[in-house]
Amino acid sequence: MTVEQKLADLGFTLPAPPQPLGSYTAVSEAGNLLFISGQVPLVNGKLVYTGRVGEQRTTEDGKHAAQLTALNVLAQIKRHLGGFERLHHIVRVEGHVSCIDGFYDQPAVLDAASELFAKALGEKAGHARSAFSHSQLPANATVILVVIAQIEPAR
Amino acid sequence: MTVEQKLADLGFTLPAPPQPLGSYTAVSEAGNLLFISGQVPLVNGKLVYTGRVGEQRTTEDGKHAAQLTALNVLAQIKRHLGGFERLHHIVRVEGHVSCIDGFYDQPAVLDAASELFAKALGEKAGHARSAFSHSQLPANATVILVVIAQIEPAR
Amino acid sequence: MTVEQKLADLGFTLPAPPQPLGSYTAVSEAGNLLFISGQVPLVNGKLVYTGRVGEQRTTEDGKHAAQLTALNVLAQIKRHLGGFERLHHIVRVEGHVSCIDGFYDQPAVLDAASELFAKALGEKAGHARSAFSHSQLPANATVILVVIAQIEPAR
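Going line by line, the protein sequences match chains A, B and C. The working numbering numbers the first residue of the first sequence as 10 and each following residue consecutively. The working numbering numbers the first residue of the second sequence as 10 and each following residue consecutively. The working numbering numbers the first residue of the third sequence as 10 and each following residue consecutively.
Take these hints with a grain of salt, some might be off.
Note: identical chains are not told apart, hence a pair may lie in one copy or across any two.
[Said to hold, decoys possible] Mimicking DSBU-like on lysine-lysine, the simulated pairs with C-alpha atoms at most 30 Å apart in a straight line are:
1. Lys-72 <-> Lys-55
2. Lys-87 <-> Lys-133
3. Lys-55 <-> Lys-87
Worth flagging that the hints you see were computed from the coordinates, not collected in a lab.
Put together the whole structure using the sequences plus the hints.
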């Protein structure tokens, strides 16, 4: 089953990968590593989740934001590599959650992204993770994911 | 002298490496690099330092939190590599300190971790570093360290 | 035209690379990657921009701070590699902006750094980027840039 089919089974479709929000490239390659620019829950050029978990947003909103952001990560990888064959594995996920002071369950929000990677990518999903809390994020996004992946050499 | 002996001379013992706090792996390998998940000052599954430096915590508390966190980084490396022989060097330490507004001495707090690495690992400790200030961190931890290390190929 | 000449055309000169602010090295090498410690807008050992964009600092100040910080990144690369010949490309720029709540245009501030890299380095400048907002940064700096670069093997 392809990554796209697995996502469809979960009710997700891969979006068009978002354009960078400034003077940089969406994805940068260095040897066997792929560095993906910070992704936000953009769908069709529009930020679907803004604001803080615990205030304008619930934990469930945060989880959905994390899933939409993870889909953008996958879309960037797919565009850059022309598919998922050359993806070796997701190496690291850095997850940033906009939330109120006193909300400490960033891991629950980010698990929604990690679990989406696991279901879509299987063994290629295994990653180290770091979680951070912010009183706000650029563009007032609810979630940012910064991902590093390992890739196979081009043939 | 082994890393463990050097730590013992400083009054430290390597803890059992903490379990991930969510759906990810503690350590992820990519070629010659090791990406260690964000570590916090957990001892025996319990967070020893929570709260902000300058409020519930002193700078000295922050330094001790940084040391305990550094021990968890070393414990993760040891479990993943089966020892420190294959560790080439600590490449980068990203240090996050929970503190009040107006506390600017994150470098002093993080030096406690960098110096522990230096004493335990000698020449393998040399690393670039970045320091950040947060009004809170996940699980209300006082310190998070995110570490990248270079490793030697397995024999 | 050399990097230094291109910078001179823009009215910039490469500074002496700042000393680390703690017990770490300014730059750490791992295989084909160069990890540069977090840089701030230091000139001659003095922090030129402190405080928050939207409060003590304007967006224009933030952009200038980002440019001065980018110059320090280039100065660290030059000192470490002995020039820019062995620089393959800037792989990733992580940009942190100290600002008030409600200021969401971190990308505009960081574009000043990305565009300086583009003008000085040409094709070697292409990078992925992530942007973050902070209520304060260590030493009260207005901007921090954390950069990873790819390098060519030494001859």
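The hints, checked one at a time:
1. Proximity of Lys-72 and Lys-55 under a CA criterion of 30 Å is satisfied in both settings, with 18 Å inside one chain copy and 26 Å between copies.
2. Taking the shortest Cα distances, Lys-87 and Lys-133 sit within 30 Å of each other both inside one copy (14 Å) and across copies (24 Å).
3. Proximity of Lys-55 to Lys-87 under the C-alpha cut-off of 30 Å is restricted to the intra-copy arrangement: shortest distance 20 Å within a copy versus 40 Å between copies.
The structure shown violates none of the earlier numbered hints.
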